[in-house]
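Each chain is listed here by its residues.
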Amino acid sequence: MIKDQDYLKKIADICLSKSKKLGSTDASILVQSSVSENINVRNKKLDGSERSENLGVVLTTYLGKKKSSIASSNLKESNLNELVDRCIETMKITPEDEYNSLPDKDLHFSGLKDLDLYDETHLSNEDKINYVKEAEDEAFSNNKIVNTNGSGFGENKSNFLLANSNGFADGYKTSQFTAYCEVVSKSNGSMERDYEYTSKRFYNDILKPKDLGSIAADHAVKKLNPKKIKSEKISLIFDKRISKNFLSIFASAISSSAIAKGTTFLKDKLNQKVFNTELNINDRGDIKKANGSRYFDSEGIGIINLDLIKNGILQDYLIDTYNGKKINRKSNGRASGTTNLYFENGSKTFNELIKSEKKLLYIKETIGHGTNIINGDYSVGASGIMIENGEFSYPVSEITIAGNLNNIFQNITLADDLEFNYSTNSPTMHVEGMIVGGK
Amino acid sequence: MTSLLKNSELSIEKADKIVSETLNSCDDGELYIEDTKSETIVLDDNKIKSSNYTSDLGYGFRAVTGDTVAYSHSNEISEKSLKNSSDNLKSTLKNNSGTYNSEIKKTNQKLYKDIDPIESKSMKSKIELLNNMNEYARSKDSSVKQVTASLLAEKKNIEIIRSGGELLSDNRPLVRINMSVMVEKNGRKETGVYGIGGRQDYDEYLKNDNWKKVCDEAFRIANTNIESKPSPAGEMKVVLGPGWPAILIHEAVGHGLEGDFNRKKTSAFHDLVGKKVASKGVTIIDDGTIDNRRGSLNIDDEGTPTERTVLIEDGILKNFMQDRLNARLMNTKSTGNGRRESYKHVVMPRMRNTIMLGGTNTQEEMIKSVDKGIFAVSFGGGQVDITSGKFVFNCTEAYEIINGKVGAPIKGATLIGDGPSSLKEILMVGNDMMLDPGIGTCGKAGQGVPVGVGQPSLLINNMTVGGTQL
Chain A
1 MIKDQDYLKK IADICLSKSK KLGSTDASIL VQSSVSENIN VRNKKLDGSE
51 RSENLGVVLT TYLGKKKSSI ASSNLKESNL NELVDRCIET MKITPEDEYN
101 SLPDKDLHFS GLKDLDLYDE THLSNEDKIN YVKEAEDEAF SNNKIVNTNG
151 SGFGENKSNF LLANSNGFAD GYKTSQFTAY CEVVSKSNGS MERDYEYTSK
201 RFYNDILKPK DLGSIAADHA VKKLNPKKIK SEKISLIFDK RISKNFLSIF
251 ASAISSSAIA KGTTFLKDKL NQKVFNTELN INDRGDIKKA NGSRYFDSEG
301 IGIINLDLIK NGILQDYLID TYNGKKINRK SNGRASGTTN LYFENGSKTF
351 NELIKSEKKL LYIKETIGHG TNIINGDYSV GASGIMIENG EFSYPVSEIT
401 IAGNLNNIFQ NITLADDLEF NYSTNSPTMH VEGMIVGGK
Chain B
440 MTSLLKNSEL SIEKADKIVS ETLNSCDDGE LYIEDTKSET IVLDDNKIKS
490 SNYTSDLGYG FRAVTGDTVA YSHSNEISEK SLKNSSDNLK STLKNNSGTY
540 NSEIKKTNQK LYKDIDPIES KSMKSKIELL NNMNEYARSK DSSVKQVTAS
590 LLAEKKNIEI IRSGGELLSD NRPLVRINMS VMVEKNGRKE TGVYGIGGRQ
640 DYDEYLKNDN WKKVCDEAFR IANTNIESKP SPAGEMKVVL GPGWPAILIH
690 EAVGHGLEGD FNRKKTSAFH DLVGKKVASK GVTIIDDGTI DNRRGSLNID
740 DEGTPTERTV LIEDGILKNF MQDRLNARLM NTKSTGNGRR ESYKHVVMPR
790 MRNTIMLGGT NTQEEMIKSV DKGIFAVSFG GGQVDITSGK FVFNCTEAYE
840 IINGKVGAPI KGATLIGDGP SSLKEILMVG NDMMLDPGIG TCGKAGQGVP
890 VGVGQPSLLI NNMTVGGTQL
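Protein sequences, first through last, are from chains A and B.
Mapping of the first sequence onto my numbering: residues 1 to 439, in sequence order.
Mapping of the second sequence onto my numbering: residues 440 to 909, in sequence order.
The hints are simulated quantities; they were obtained by calculation from the structure and are not laboratory data.
Heads up, a few of these hints could be off.
Okay, the calculated beta carbon distance ranges per label pair [stated by the list, open to error]:
| no. | chain 1 | residue 1 | chain 2 | residue 2 | range |
| --- | --- | --- | --- | --- | --- |
| 1 | A | His122 | B | Ser459 | 29 to 35 Å |
| 2 | B | Asn540 | A | Asn225 | 51 to 57 Å |
| 3 | B | Pro669 | A | Ser356 | 24 to 30 Å |
| 4 | B | Glu574 | A | Asp205 | 51 to 57 Å |
Derived pair list, reagent style PhoX-like, types lysine-lysine, alpha-carbon separation capped at 20 Å [stated by the list, open to error]:
| no. | chain 1 | residue 1 | chain 2 | residue 2 |
| --- | --- | --- | --- | --- |
| 5 | A | Lys186 | B | Lys668 |
| 6 | A | Lys76 | B | Lys445 |
| 7 | A | Lys65 | B | Lys488 |
| 8 | A | Lys65 | B | Lys486 |
| 9 | A | Lys92 | B | Lys704 |
| 10 | A | Lys92 | B | Lys549 |
| 11 | A | Lys210 | A | Lys222 |
| 12 | A | Lys233 | B | Lys668 |
Every residue gets a Cβ at the ideal spot worked out from N, C-alpha and C, and that includes glycine.
So that you can see chain A by itself, here it is in the shape it has in the complex (with noise of 0.2 Å):
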């Protein structure tokens, strides 16, 4: 069982008030509980069941403009003690900083908690194994597969106690229910793999077995007997399980960490033009049981919505307390990054998309970690289909693809087809011009 908020507060009072006892001017602390059992199917036989009971504090403390923290899994006072003990002794040798700080009072969260985070579903073992044992019935079903790499089915419930010493004390339990398939497809000769994985706070929002099973056999099918294509410059179309990584770049190139040290390729573009003038990305934290809402960030600050791009036109950053000081800004409740970062959808229909060349190169899958935030740069290992005429062709592999990220935000068009399936969501996206690396 996770523990309740009442057990979690007694672990935070421990540790605040002997901070207090041993001369800390301020402390905040996060002390969390959480259960996951998952299991693990591969050819429709039980492959292995994993139970896991976490518990574990994080303790910052400050005199003045020092700071020192400690983290721990050991919840039992005696070891506690020491801990404090610890953190205590290495603040007081730490050099000052003046940007080190609890955050401003007026903006910790206060209000209704209505966004319905937490499913008390509990699913037994043998009703994960009959889900995930069905999702693969169905991949199986497809003639072409011939193996699975392992299916899978994970519930997780949490709960967290967040306080600080300026009387912040709050915290909210959450439940994430999680299901991937994962199969092996064979043809003459040729051996490839692919997945789908459905991941939500409810557990009636998942994905149904069969269909898990089948958009996973589909994908690994489609990818069989590939081809490697000549370098060139062409268009390449990104599938949403793609597209959305450009967004994950994107919130990392603004988070205020990265401007206030110029480590990033976005500096200095507030109020310019980054992308082209149809685009819009907001970040949303109060979407009913979405994956990514959540009432305020690891420093209490209550979450508000955010226009990062108005057509076009970078608006703001990711702000937290620390790094805010450093660039003259409040926070703006992004300590712990994104909530629900999404595109608005475009104009064009997916069919629209898929036919505004004559040839064009979907990218269903990249690898590799080839994203440089500082200059922008970006080359990555890829495959996918190419199309032809409006028309899926052949499938390519063992191709890269490159290009400054400066130039590719400008040149994004984007379906209409945005789903809400994980924290960060993107249409279908084309990206005109890229270079493939091929033959």
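Position chain B against the provided structure of chain A, taking the given hints into account.
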């Protein structure tokens, strides 16, 4: 005798009893107890940005029968908690029963000292070191605009209790010193990153002002990249430098030779044992027994002593890397590759120090033989798709080669290749085998473990370079 249960509510006798009673009807399993202390101090933007100390204690209880694994872990070390875990394991495996294999090799292997690298250097001197690194790096050139330096130290003590009361333990120190420098010139920004580390005290790595060399190297890479031109795109010859570029070996063949993917027949290598998978002269080993290396372990996380495992010998595939589960199901022995990130994670076959042994060619010969290609000296990270065999890695320092000569530096390009075929494309193996500086972390199924790599210079006939210049 056990020390990790010393201050807990659980006695060793009780733990033994629950473990034996739970595992007697299973094929394998153990209680794994871990006590990890770690400390991270980061200097960023001229300030000590954070000093974090973490103390993590917990257990992972595993029962295995046939090919089914039941696992339960918790931070609450008590008889009640362990009994709950036991019930959970039993309910998962209720329909199966096995015969416990109590055989496990013994070792007196001592590859690193039982030291606490966190306590052996004072906080004051760590802060002073970071400040010195910052000042020194910034003093190198006025183009240095940003510096991040960090110190990471860890002491991980583990104990494994097997059915029948057998107790195995290992105390593992680990340190890492990192430096990242950003240089800005003529409106361009580039970074250089370098680090060193292993299983010794900080001071072993700081002898002879070695920290200056770390700063010098990070600055040199950043400064080289500021002059870089767009990378070419397409297939060409590639010369790899010695040492860290061996992450190519790690990605291209290492993962594909892990026992689980081959037992499940999802690896592109699963039916290639005894067959030629690399050019003649190519020998690759996975060695967990090199003194003080980041990827070395006295025993793995199942208690098996580590060893030097030959994976590919003179081009022929010899062995996979095994943990106990996959070894049993494939009728072979564990090679001591059973590893886990922590007590929160299940064991999997994982690499230790993966090394291609040296050959006879010189790097000079290799470069001379290339008309058009690239010379890749350092890499960021890599990734592989086990099933299709396709792998990538990202250059952080590379140069063009034109008519047998090293030319201008080129911008961070991605290299992509096919694992099973790329090793057959190796034309020359250098005589300059080198191990990496001790910074690698390998990710698999969400678990990160420290690893090492090593290789000599290599000439590869054909790889696809992902640049922007057609």
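Among the hints numbered above, which are violated by the structure, and what are their numbers in rising order? Checked against the structure, the hints that fail are numbers 2, 5, 9 and 10, while the rest are satisfied.
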